[in-house]
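*Asks:* Now for the letters of each chain:
There are 2 protein chains.
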Amino acid sequence: MADLAERTDPSATMTDAAEARLDRMLEAATAAGLDAALITSDESIAYLTGFKPMQLERFFGVVVRPDRSAVIVPALDRGQIDGAPERLDPISYGAESDGIPQLAEALAGATKVGVEEDHIIYARTSALERHGFELAAAGGLVMGLRVQKDAAEIERIRVACELVQEGLRRAFEWLVPGVVEQALNARVESFLREQGATDAHPLILFGENAANPHGNPGPRELKNGDVVCADLSACLDGYWGDLTRCATVGPASDWAKKTWQVVFDAQQAANAAAQPGASGRDVDAAQRKIIEAASDLGACLHGAGHAIGLSIHEPPFLVPRWTDPLPEGAVLTIEPGLYKAGVGGIRLEDDVVVRPGGPEILSNLPLELTEVGA
Amino acid sequence: MADLAERTDPSATMTDAAEARLDRMLEAATAAGLDAALITSDESIAYLTGFKPMQLERFFGVVVRPDRSAVIVPALDRGQIDGAPERLDPISYGAESDGIPQLAEALAGATKVGVEEDHIIYARTSALERHGFELAAAGGLVMGLRVQKDAAEIERIRVACELVQEGLRRAFEWLVPGVVEQALNARVESFLREQGATDAHPLILFGENAANPHGNPGPRELKNGDVVCADLSACLDGYWGDLTRCATVGPASDWAKKTWQVVFDAQQAANAAAQPGASGRDVDAAQRKIIEAASDLGACLHGAGHAIGLSIHEPPFLVPRWTDPLPEGAVLTIEPGLYKAGVGGIRLEDDVVVRPGGPEILSNLPLELTEVGA
Chain D
1 MADLAERTDP
11 SATMTDAAEA
21 RLDRMLEAAT
31 AAGLDAALIT
41 SDESIAYLTG
51 FKPMQLERFF
61 GVVVRPDRSA
71 VIVPALDRGQ
81 IDGAPERLDP
91 ISYGAESDGI
101 PQLAEALAGA
111 TKVGVEEDHI
121 IYARTSALER
131 HGFELAAAGG
141 LVMGLRVQKD
151 AAEIERIRVA
161 CELVQEGLRR
171 AFEWLVPGVV
181 EQALNARVES
191 FLREQGATDA
201 HPLILFGENA
211 ANPHGNPGPR
221 ELKNGDVVCA
231 DLSACLDGYW
241 GDLTRCATVG
251 PASDWAKKTW
261 QVVFDAQQAA
271 NAAAQPGASG
281 RDVDAAQRKI
291 IEAASDLGAC
301 LHGAGHAIGL
311 SIHEPPFLVP
321 RWTDPLPEGA
331 VLTIEPGLYK
341 AGVGGIRLED
351 DVVVRPGGPE
361 ILSNLPLELT
371 EVGA
Chain Y
1001 MADLAERTDP
1011 SATMTDAAEA
1021 RLDRMLEAAT
1031 AAGLDAALIT
1041 SDESIAYLTG
1051 FKPMQLERFF
1061 GVVVRPDRSA
1071 VIVPALDRGQ
1081 IDGAPERLDP
1091 ISYGAESDGI
1101 PQLAEALAGA
1111 TKVGVEEDHI
1121 IYARTSALER
1131 HGFELAAAGG
1141 LVMGLRVQKD
1151 AAEIERIRVA
1161 CELVQEGLRR
1171 AFEWLVPGVV
1181 EQALNARVES
1191 FLREQGATDA
1201 HPLILFGENA
1211 ANPHGNPGPR
1221 ELKNGDVVCA
1231 DLSACLDGYW
1241 GDLTRCATVG
1251 PASDWAKKTW
1261 QVVFDAQQAA
1271 NAAAQPGASG
1281 RDVDAAQRKI
1291 IEAASDLGAC
1301 LHGAGHAIGL
1311 SIHEPPFLVP
1321 RWTDPLPEGA
1331 VLTIEPGLYK
1341 AGVGGIRLED
1351 DVVVRPGGPE
1361 ILSNLPLELT
1371 EVGA
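In the order they appear, the protein sequences are chains D and Y.
Going by the numbering used here, 160 is the number at position 160 of the first sequence; the sequence numbering is gapless.
The numbering used here runs 1000 ahead of the 1-based position in the second sequence.
Treat the hints as calculated values from the structure; they're not laboratory data.
A couple of the hints might just be wrong.
To be verified - Taking lysine-lysine pairs in the BS3-like style, the calculated list, with each CA pair at most 25 Å apart, reads:
| hint | chain 1 | residue 1 | chain 2 | residue 2 |
| --- | --- | --- | --- | --- |
| 1 | Y | K1289 | Y | K1258 |
| 2 | D | K52 | Y | K1289 |
| 3 | D | K223 | D | K289 |
| 4 | Y | K1052 | D | K340 |
| 5 | Y | K1258 | Y | K1340 |
| 6 | Y | K1289 | Y | K1223 |
Build the full structure now, drawing on both the sequences and the hints.
*Replies:* Right, here's the structure in full:
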């Protein structure tokens, strides 16, 4: 892995890309009949401006409109937007404001305003409605741009996956009977962050804890016979990687071997289904059919995966309700799993790019069920 | 600091407290003329149920109403709510749903529904409005409960502050010329997480970077003459601690000495103003007067602080627009700062409990400007 100091400053290339993205955002908003689009999520702001805000309770937003676009930040974050594209008027507001008057001013003259409906909060939408703006859900417009990753973005996800792979290799080395689940997760997280991850979520679960895909690591010690489900994600230079591999302490049980094979088959089937034009529902159905047929081994508790990029989880989601076609260049996690209460869970996860000839897999860590020292 | 294994399971005591909190929540909602309250933020759900969800894109909520209350989670998180108070109907939904039909069912018969307006997103409020519910901002009701910490909560914040103090001590030991800002922050974060923090945000900024209160740690090395502003926060057993101390590499410059004294005076004045019945505006004014009078030394870029507890930043905020009276038992960060572009910044931050005789300070780390090895 590259040393921190060797990495180029990501904000420089992001600002170049941001100009073209603002053009496309304006085009999409205009085509949707909007007078303006209001972008509020950290990741979409990063996508469109090249700067990633540190958003707490204070309002951050980017207004995209034909005449004058703007970026609005709290005064104490004013220093962060110097590198934002020049066409964005930099507007900041002090501690006496909640930012809404400044936002209303930046939107003045517009009637129909698109918002990121999966991000903007009711306090702000109800305030905008009181100012007379008509709001419309427009998250799909910005996500419609974000879903198709460019080469630089795919490369960043690949580099994030490299870090996660190295994290998984270390985690498996550290899987020795007696190690405490919570301590192991902390150690892996430390490793990922020391390697430059700005955010990281290891979820390495032991034995029966692994039967809950969102379980919390606890004080339980690893013991002989445990199955271990190790799901690691890390954000590096703004982009996420997210992989899962499994291990057994000592020889795999019959349940673990059979379950791994079913999950492996399901992952292969979902990979094969991840074609341009297929939907999230299609990719999910490919794995679900296989997982659900193995109900004697455990339960199917989640969909096939989700897109990944600036956010760890972003649309499209690979679930039955998602019927939009996947574009070429989408990056998806493919992560079927099978869970048996009281016993454990097996999940296999890779990040793949949707390509016409079949998906490009951004990781190369073997999928095999690893046997760790008993 | 206690070993991870020695800590008691926090969920047990939280579930006991949750029953009484649900009673108070229902009382507050009824008094406000609401038919139901819909609680959606991780922290408020934790407060009312004793379980802290891992909320991603899927809907989580608690419905509090006179006849039947409920907790609604994705199917894959069903395992986490076994310990929730019994009066809450456990409702889960599968991958085919976005959770809104199940929520609408749990709210059926209610008209006026209070929501956490600083958390719930437009996609969900607009869906609820399409179902015919009338929404009202009710975040103040649950925050009105959360603001008054009980003894167990204060103790948890104190323990989180102990960890943060230890993190600051380590950080200052590791402040040697040549250390890279980003690497130092990662090392401190690792330390905090290895000690059990489930979330941690070190923000240790060197020299001119410290002039931006929300700057990002970068590849810059520490050098002689730098001022260092070290703001550390960590979440332990669900509760946050957040402290800031400053250092200079080698003897402090005149600017650093004078600025530290002004910030110290401002913090003392804000502490003295943090009385039951005073407002966020009052506490802010006490520090702002002193900081703004020193404009030759730098700028006043933010308010006096914010409440802290299950969230790192929660209302009340100590800013000019916050005029509600502070109750006894509120826990606040008091953190004035003074920032000079190109030179640096000094901030001092403690977490204090509002008490009639004057605030109780939850940390005991000296406030002095520390001189580290040149």
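*Asks:* Are the hints correct? Go through all of them and say.
*Replies:* Here is what the structure says about each hint:
About 16 Å separates the Cα atoms of K1289 of chain Y and K1258 of chain Y, which keeps this hinted pair within 25 Å; it holds. A threshold of 25 Å between alpha carbons decides the hint, and for K52 of chain D with K1289 of chain Y the separation of about 32 Å lies outside it, so the pair is violated. Proximity of K223 of chain D to K289 of chain D is assessed by CA-CA distance (about 33 Å); at most 25 Å being required, the pair is judged violated. For the given pair, K1052 of chain Y sits about 23 Å from K340 of chain D by alpha-carbon distance, which is consistent with the 25 Å threshold.
Note on K1258 of chain Y and K1340 of chain Y: the hinted pairing holds, with a Cα-Cα distance of about 12 Å set against a maximum of 25 Å. Taking the CA atoms of K1289 of chain Y and K1223 of chain Y, the gap is near 33 Å; set against the 25 Å cutoff, the hint is violated.
Consistency with the previously given hints fails for numbers 2, 3 and 6, ordered from lowest to highest.
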